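J.: Sequence:
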Amino acid sequence: MNTIDPIPFSSAREQFINYLKSQKKATATMVAYGKDLDQLGTFLTDRKITQATTVRTEDIEAFKADLATKSYTPKSVSRKLNSIKTFFRYLRLNGILAYDPAEGVAHPRYENKPPRILSKMEYRALRDACRSDTRIYAIVELMLQTGIRIGELANLTTDDIKDEEITVAQFESHLARTIPLNHAAREALTQYLSIRHKTKDKTLFVTKTGRPLLVRNIRTAIERYFKLAGIDGAKVNDLRHTFVAHHLMAGVSPETVSKLAGHKRLSTTERYLDLIKDQVEGRTARLEEL
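Numbering (our numbering), first residue to last: 1 to 290.
No wet-lab data here; the hints were simulated from the structure. Incorrect hints may have been included.
[Claimed, not checked] Below 20 Å or equal to it, Euclidean Cα-Cα: the simulated EDC-like pairs (lysine to aspartate or glutamate) are:
| hint | residue 1 | residue 2 |
| --- | --- | --- |
| 1 | Lys-25 | Asp-36 |
| 2 | Lys-48 | Asp-66 |
| 3 | Lys-25 | Asp-38 |
| 4 | Lys-227 | Asp-128 |
| 5 | Lys-75 | Glu-111 |
| 6 | Lys-198 | Asp-159 |
| 7 | Lys-21 | Asp-36 |
| 8 | Lys-113 | Asp-274 |
| 9 | Lys-25 | Glu-14 |
| 10 | Lys-162 | Glu-289 |
| 11 | Lys-48 | Asp-59 |
| 12 | Lys-24 | Glu-14 |
| 13 | Lys-259 | Glu-270 |
| 14 | Lys-235 | Glu-111 |
| 15 | Lys-35 | Asp-59 |
| 16 | Lys-35 | Glu-61 |
| 17 | Lys-202 | Asp-232 |
| 18 | Lys-35 | Glu-14 |
| 19 | Lys-120 | Glu-223 |
| 20 | Lys-70 | Asp-36 |
| 21 | Lys-208 | Asp-133 |
| 22 | Lys-48 | Glu-58 |
| 23 | Lys-48 | Asp-36 |
[To be verified] Across the chosen pairs, the derived CB separations fall in these ranges:
| hint | residue 1 | residue 2 | range |
| --- | --- | --- | --- |
| 24 | Thr-86 | Arg-271 | 22 to 30 Å |
| 25 | Lys-264 | Asp-46 | 36 to 44 Å |
| 26 | Leu-214 | Ala-176 | 17 to 25 Å |
| 27 | Gln-191 | Asp-5 | 56 to 64 Å |
| 28 | Pro-8 | Ser-132 | 20 to 28 Å |
| 29 | Ile-49 | Gln-170 | 33 to 41 Å |
| 30 | Pro-114 | Lys-21 | 34 to 42 Å |
| 31 | Asp-159 | Glu-103 | 39 to 47 Å |
| 32 | Thr-190 | Pro-108 | 43 to 51 Å |
The structure displayed is predicted, hence computed values, not measured ones. In this text, a Cβ means the ideal position worked out from N, Cα and C, and glycines have one as well.
All chains, full assembly: derive it from the sequences and hints.
T.: What follows is the structure in structure tokens.
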């Protein structure tokens, strides 16, 4: 009969993070997993549990309940639970655990809010708010005009930018694709490249010292400009939602928009149609500037 050797929770965590690195997961993804597992590890230690092999389903249920008492939203708890489930699934599939203690733990229920679509007045106000910040202005314009994900944008290199298109490399589970660059996006990028720090690093968006601009820095900057523009409750991903919805409203086919946005399933794009069904114009193949 095969036996499972004990393994400290901290060692199992390190092994899992190294696996994520080998799979070329985004830095932000690995940081999020690490923080979630550290939080679970602290909770387990307080319960005198230090071995990954002795964690039980009731321990994870207790952790989930503890999060709910600490003002975490059901959506946040669900996201943390995703990290934990992925971790224990990895340990089970690799023979480190005899069973998966997280498998039977249910996600808390929560209502998915519909995508926030910025009005013309709102995204123009955002433009005005960040116009003097050449780098962030270029980032906002690129996200708004191409629908690129923030993680994909942070991974862009100068080699990915051509005269009239941008090549988005494969990112995590998202497929590579090419997106046309309209005049507004090209102009904003040209202005940014003229002041970009001279560095050997090919990352497109860099700091004033030439280091790659991190996702969290991009997110913080844009959310600051949302506030300056007086746009309440808006998030960075709303720029992507706006790109998708605007082009569907302009009559661009869902198939074309889905391809440009990098949606895995056409049904993801088609969900936006329920939000804008009274605003869709005649079908066109032409992409418009926002």
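J.: Against the structure shown, which of the earlier numbered hints fail to hold, in ascending order?
T.: The structure breaks hints 17, 28; every other hint is satisfied.
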